[in-house]
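A.B. asks: Residues per chain, in single letters:
Protein chains: 2
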Amino acid sequence: MIVNNSLDEVKKRENALSIIKNIVETKGREHLFDLTGLSGGFIASPSELNLLETYVGPAIFEDALQEVGLEHMGGEKVLPLNRTSSGILATILALVKKDTNVVHYLAELPAHPSIPRSCRLVGANYSETDIFEEFSIPENTSLVVITGSTMDHKVIDEDEFKQVIEMAHEKDIPVMVDDASGARLRTVVFNQAKACDLGADIAITSTDKLMPGPRGGLMAGRRDLIDEIKIKVNQFGLEAQPPLVLAMLNGIKNFKEDNLKKSLQRKDELFDLLNSYFTNFKKTPTGVMISPEDLAKEIDFPHKLSDDDLAFVFSFILLKDYGIITIPAVGMPGASATLRFDLSTSDAFNLDLNDLTKKIESSFERLLEVIPNEEKCREIVF
Amino acid sequence: MIVNNSLDEVKKRENALSIIKNIVETKGREHLFDLTGLSGGFIASPSELNLLETYVGPAIFEDALQEVGLEHMGGEKVLPLNRTSSGILATILALVKKDTNVVHYLAELPAHPSIPRSCRLVGANYSETDIFEEFSIPENTSLVVITGSTMDHKVIDEDEFKQVIEMAHEKDIPVMVDDASGARLRTVVFNQAKACDLGADIAITSTDKLMPGPRGGLMAGRRDLIDEIKIKVNQFGLEAQPPLVLAMLNGIKNFKEDNLKKSLQRKDELFDLLNSYFTNFKKTPTGVMISPEDLAKEIDFPHKLSDDDLAFVFSFILLKDYGIITIPAVGMPGASATLRFDLSTSDAFNLDLNDLTKKIESSFERLLEVIPNEEKCREIVF
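Sequence lines, in order, name chains A and B. Using our numbering, the letters of the first sequence correspond one by one to residues 1 to 382. Using our numbering, the letters of the second sequence correspond one by one to residues 1 to 382.
It is worth saying that the hints were derived from the structure and are not from the lab. Among these hints, one or two may not hold up.
Given that identical chains are not distinguished, each listed pair holds provided it fits within a single copy or across any two copies.
No more than 30 Å apart at the CA atoms, straight line, and that leaves these computed lysine-lysine pairs for BS3-like [stated by the list, open to error]: (1) 11 x 253; (2) 230 x 98; (3) 98 x 232; (4) 154 x 21; (5) 320 x 77.
Full structure from sequences and hints, please.
C.D. replies: Have a look at this one:
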C-alpha cells in the first residue's frame with residue numbers, strides 16, 4: 001500500500017500542490033488544466049479589486065448584482081449568500097416555526113442534507129418524497145421545498161414542478177426551490193422556465209455550479225420574503241462578503257449558455273473517444289469518470305497495488321506529465337479517489353478532446369509501466 | 001421622526017450606498033474616506049488571484065493561514081469563517097445543548113446580540129453580566145463566554161479574564177472568547193496576552209477590525225473543539241470562502257502594531273482639535289466618537305428631531321459633502337447611531353487632522369442650518 005492513512009493523504013496532497021505551484025511558476029497557469037469540476041471562478045479586474053472594501057464594495061457590486069441576478073434568476077429581489085446551504089438555513093429560520101411541517105418534493109432521493117438539518121434545528125417536522133403521486137401537503141405546513149435538480153443532476157418534471165407550487169399556493173404556503181445547479185441545467189438544457197417564473201416564492205442557486213462563479217449562493221424571489229430572510233442572514237453572518245459578490249456578478253456575466261450546452265455534448269464526445277481504448281469509463285452530467293475499482297478492471301496483469309493506489313498514481317502521472325488536475329491528487333484527506341474529467345469549467349472549454357484523450361491514454365500507459373515497480377509508484381505520489 | 005423602523009433603516013443604508021457609488025464613479029475612490037473602522041481590506045497580488053480560481057488556491061491559502069493565523073491568535077488550529085457571528089453560531093451549535101446554561105462575562109453590557117440569539121436558537125438559557133463580583137457558573141453550564149473587548153472597545157481586565165477561565169475549567173466547561181477587536185486591542189494596546197495563551201478553549205476575532213483584512217472571522221483554539229465546530233461550519237455554510245481566506249492571510253501579514261499604536265496617538269490630537277469647537281466628543285481606543293445624545297447636547301435651540309435622527313442627518317452631510325463614511329449612514333439595521341471617526345484604517349493614515357476637523361465642523365454647521373426644516377432632513381437621509 002502506498003497511501004495508508006490520513007497522514008499519507010496529507011503528504012500526497014502537499015506533493016500535488018508543490019507540483020502545481022512549480023508548473024505555475026515555471027511554465028505558467030495556461031499549462032494547468034483543472035478538470036476537477038470544483039474549481040469555481042474568481043473573475044475580477046484590477047479596478048474592481050481596488051473597490052473591495054467593506055462598505056464601498058457592497059455599494060457598487062450589490063447594486064449591479066441586483067440587476068444581473070434578477071435577469072439570471074427572475075423574482076423581485078436577489079440576495080447573495082455565503083453558500084446555498086446558508087440560504088436554506090436562513091429561509092428556514094425566517095419562515096419555519098417549531099412543530100410545523102416542511103414537505104419536500106424532488107426528482108430522486110436523497111435530498112441535500114442541509115434541508116432536513118435546518119428543519120431539525122428549528123424543531124420542524126420534515127418529510128420528503130420522490131414519488132409525485134405520494135406528495136401531499138398536510139395541515140400546519142409552513143414551507144414547501146422543491147429541488148430543481150439533484151446533486152446527481154436528475155431534473156424534476158416541469159409539470160410536476162408547477163403542480164406542487166399550485167398545491168402549496170392553494171393553501172397559502174410559500175415555496176422554496178433548491179435550484180443549486182437547476183437554475184442553469186433546467187433552463188438551458190431542459191428548456192424549463194426559471195423557478196420564480198414558475199411561481200416559486202424563493203429560489204436559491206449555487207454560483208459555482210455549471211457557471212464560472214465562486215462557491216456561494218444566490219437567492220431570488222418575493223421582495224417581502226427576501227427582506228424577512230435577509231434579517232436572519234445578517235444576524236447569523238450568512239451573507240456573501242464583497243469579494244464573493246463581485247465574483248458572482250462576473251460569474252453570471254460570463255456564464256454562456258452555449259458553453260454549458262457544448263460541455264454536455266462534449267462529454268458524450270469524450271466518452272466515445274475514451275471508449276475506443278478503455279472499457280470502464282462512465283458518464284457524469286458534465287464529464288466522464290472512472291472509479292478506482294473500474295480502473296483496476298482496466299489492468300489485466302497481476303500486481304500489488306490497491307485500487308485506490310492505482311487511482312492516486314494515475315492522477316499524479318496526469319498532473320506531472322500534462323498538468324491535468326484531478327481530485328485523487330489534490331483532494332483533501334478522505335476525498336473520493338475517483339478520477340473525474342469535468343468539462344463544464346473554463347479550463348475545459350478550449351481543450352481539444354482528441355488531444356485530451358491521447359494524454360489520458362498515454363498517462364495510463366505510463367501507469368502500466370510503473371505498476372510493477374512499487375518504489376517508483378511511491379516516488380510519483382510523494 | 002425620520003428613521004422610524006427597520007425598513008427606514010434599510011432605505012437609509014441603500015441611499016448611503018448609492019451616494020458612495022456616485023462618488024466612486026464620478027470623482028474616484030480617493031474622494032472617499034472610510035472612517036467607520038470597519039472597512040476591511042482585500043490585499044491580493046496578481047499571482048495569488050490567478051490561483052484563486054483553481055482547486056489548489058484554497059488549499060495553498062488555508063495552509064498558509066494555519067501558520068500565520070496561529071501566530072496571531074495562539075491555539076492549536078485556526079478556522080476561517082464568513083463572519084465572527086457565524087463562528088459564534090457554529091460554536092454554540094456544536095457545544096451547547098438545549099436547556100443547558102451559557103454564562104457570559106464582559107467589561108460592559110450589552111453583549112453582541114449574536115451570542116444570546118444563537119443560544120435562543122438551540123434552546124439554551126443565556127445570562128450575562130458586566131459585574132465581576134456577580135459572575136458565577138451555575139450547574140448544567142455548557143459554555144462560558146468572555147468578551148475581550150466590547151463593540152465600544154471597552155476592554156476586560158486581564159486578571160478577571162484569567163479568573164473566569166479558571167472558574168470554568170475547574171468545572172470542565174469550555175470557554176469561548178469573543179475577541180472581535182480584542183485580539184489586537186487587548187494585546188497591542190493593553191499589553192494583554194492572547195486569549196488562547198490565557199487558557200481560552202476557543203477564541204474568535206474579526207479580521208476587518210483594527211487590521212487591513214476582509215470582513216470575516218478567524219477562530220483559533222483547541223484542535224478537538226475546532227474539529228467539532230468545523231463540522232457545523234461546513235454543514236450550514238459558515239466557512240470563509242477562498243477569496244476571504246486569501247485576504248485574511250494578507251490582512252494578518254500586513255497588520256502593523258505600529259499603525260495601530262500611531263492611530264491611538266493621532267486620536268488624541270484629533271480629540272484636542274475637535275475640543276476647541278465641540279464639547280461632547282469622546283475618545284475611543286482608536287479614534288473619537290459622539291453619541292446621538294451627546295450630539296443633541298451640542299445644539300442649543302429647540303427642534304423636533306430625535307437624537308438618532310440628528311446623528312443620521314449629520315452622517316449623511318459628512319458623506320455627501322466630504323465623502324466621509326461613518327456608521328450611522330451605512331450601518332446595517334440596528335447598528336448604533338453613534339458617529340465614530342476611526343483613525344486605525346488605511347483611509348485615515350494619510351488624513352490631515354486639521355483638515356478633517358474643519359470638515360466635521362462645517363458639516364455640523366450645515367446640520368444646524370437644516371435642523372429646522374424636517375422635510376429637508378428627510379430628503380438628505382433618503
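A.B. asks: Are the CA atoms of residue 320 and residue 77 at most 30 Å apart within a copy, between copies, both, or neither?
C.D. replies: between (45 Å within a copy, 27 Å between copies)
A.B. asks: Reference check for the pair residue 11 and residue 253, CA-CA at most 30 Å: within, between, both, or neither?
C.D. replies: between (37 Å within a copy, 26 Å between copies)
A.B. asks: Should residue 98 paired with residue 232 be assigned to within, between, both, or neither, using CA atoms and 30 Å as the limit?
C.D. replies: both (16 Å within a copy, 20 Å between copies)
A.B. asks: Checking residue 154 and residue 21: alpha-carbon separation at most 30 Å within a copy, between copies, both or neither?
C.D. replies: Neither: 33 Å inside a copy, 42 Å across copies.
A.B. asks: Check residue 230 against residue 98 for me: Cα-Cα at most 30 Å, and say if that holds within a copy, between copies, both or neither.
C.D. replies: both (20 Å within a copy, 26 Å between copies)
This entry does not satisfy hint 4, going by the numbered hints stated previously; all others are met.
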